[in-house]
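Chemist: Here is what each chain is made of, one letter per residue.
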Amino acid sequence: KAGVTQTPRYLIKTRGQQVTLSCSPISGHRSVSWYQQTPGQGLQFLFEYFSETQRNKGNFPGRFSGRQFSNSRSEMNVSTLELGDSALYLCASSLPAGELFFGEGSRLTVL
Amino acid sequence: QQQVKQSPQSLIVQKGGISIINCAYENTAFDYFPWYQQFPGKGPALLIAIRPDVSEKKEGRFTISFNKSAKQFSLHIMDSQPGDSATYFCAANGGGGSQGNLIFGKGTKLSVKP
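Residue numbers (the working numbering), protein chains in the order written: chain A, 1468 to 1578; chain B, -6 to 107.
You may find that some hints are simply not true.
Said to hold, decoys possible - What follows is a list of derived Cβ distance ranges for each label pair:
no., chain 1, residue 1, chain 2, residue 2, range
1, B, Gly53, A, Ser1494, 26 to 36 Å
2, A, Glu1519, B, Ser104, 37 to 47 Å
3, B, Ser104, A, Thr1474, 24 to 34 Å
4, B, Pro1, A, Gln1508, 17 to 27 Å
5, A, Arg1497, B, Asp46, 26 to 36 Å
6, B, Asp72, A, Glu1571, 21 to 31 Å
7, A, Glu1566, B, Ile11, 19 to 29 Å
8, B, Gly10, A, Ser1537, 47 to 57 Å
9, A, Leu1478, B, Asp46, 36 to 46 Å
10, A, Glu1566, B, Glu19, 21 to 31 Å
11, B, Ile11, A, Gln1508, 24 to 34 Å
12, A, Gln1508, B, Gly53, 29 to 39 Å
13, B, Gly53, A, Gly1470, 18 to 28 Å
Unchecked claim - Calculated cross-link-like contacts (lysine-lysine; reagent style DSBU-like; alpha-carbon spacing at most 30 Å):
no., chain 1, residue 1, chain 2, residue 2
14, B, Lys35, A, Lys1480
15, B, Lys102, A, Lys1524
16, B, Lys61, B, Lys102
17, A, Lys1524, B, Lys99
18, A, Lys1524, B, Lys35
19, A, Lys1524, B, Lys61
Note that these hints are calculated values from the structure, not bench results.
Glycine is no exception: its CB is placed at the ideal position from the N, C-alpha and C atoms.
Same shape as in the complex, but just chain A (with noise of 0.2 Å):
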């Protein structure tokens, strides 16, 4: 069974740009979570997705958004980068009140 999978892994932009990540969750899995991680605030909850519905959404800025697919697909679109922004995204999948399997993340470098 195919695990998480996220694109692209590796990316680079400029302040000011936006960034549109992809994540594919495990077949079957219909609920989506995106989290943030930074080596100085660690793992953060930007928002969660279950059947194309947003059911929570963590504290960061209206730039960061998300959304899902009616095949369970995700995306998540930050706009107006900022350098800040630079952190490893992590896309989880899960069943309901299931464990999260977390994919290899899209690592986002802004200069």
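Start from chain A and add chain B according to the hints.
Modeler: This is chain B only, laid out in the frame that chain A set:
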């Protein structure tokens, strides 16, 4: 109230020793406490989890001890091996009726010396 505090930040243990990592929380509404293991370049992977109606859970060499009254829980790794060298995160579910919204501790980098 929404924080999970983890200690120590780093830990060095000899092979065969016991590794102990501690976490504390404030919000009594938390009802799911997982531990994740992360190797460099990889995403976190669930190691073991506990709910507050149980005081201890053991899976192989890994044990969670849970003290509801003290709002603390800890991970014990028995017979620590060099392959256990990784970063460990405790977490608690942040509410909203799901387990997808986790609040993580800041992590403990464990090094097991051969």
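Chemist: None of the hints should be skipped; say for each whether it holds.
Modeler: Structure-based check of all given hints:
{"no.": "1", "hint": "B:Gly53 with A:Ser1494: 26 to 36 Å", "verdict": "holds (28 Å)"}
{"no.": "2", "hint": "A:Glu1519 with B:Ser104: 37 to 47 Å", "verdict": "holds (43 Å)"}
{"no.": "3", "hint": "B:Ser104 with A:Thr1474: 24 to 34 Å", "verdict": "holds (32 Å)"}
{"no.": "4", "hint": "B:Pro1 with A:Gln1508: 17 to 27 Å", "verdict": "holds (18 Å)"}
{"no.": "5", "hint": "A:Arg1497 with B:Asp46: 26 to 36 Å", "verdict": "holds (27 Å)"}
{"no.": "6", "hint": "B:Asp72 with A:Glu1571: 21 to 31 Å", "verdict": "holds (29 Å)"}
{"no.": "7", "hint": "A:Glu1566 with B:Ile11: 19 to 29 Å", "verdict": "holds (25 Å)"}
{"no.": "8", "hint": "B:Gly10 with A:Ser1537: 47 to 57 Å", "verdict": "holds (50 Å)"}
{"no.": "9", "hint": "A:Leu1478 with B:Asp46: 36 to 46 Å", "verdict": "holds (44 Å)"}
{"no.": "10", "hint": "A:Glu1566 with B:Glu19: 21 to 31 Å", "verdict": "holds (24 Å)"}
{"no.": "11", "hint": "B:Ile11 with A:Gln1508: 24 to 34 Å", "verdict": "holds (30 Å)"}
{"no.": "12", "hint": "A:Gln1508 with B:Gly53: 29 to 39 Å", "verdict": "holds (31 Å)"}
{"no.": "13", "hint": "B:Gly53 with A:Gly1470: 18 to 28 Å", "verdict": "holds (22 Å)"}
{"no.": "14", "hint": "B:Lys35 with A:Lys1480", "verdict": "holds (22 Å)"}
{"no.": "15", "hint": "B:Lys102 with A:Lys1524", "verdict": "holds (28 Å)"}
{"no.": "16", "hint": "B:Lys61 with B:Lys102", "verdict": "holds (25 Å)"}
{"no.": "17", "hint": "A:Lys1524 with B:Lys99", "verdict": "holds (20 Å)"}
{"no.": "18", "hint": "A:Lys1524 with B:Lys35", "verdict": "holds (24 Å)"}
{"no.": "19", "hint": "A:Lys1524 with B:Lys61", "verdict": "holds (27 Å)"}
The structure meets every hint from the earlier list without exception.
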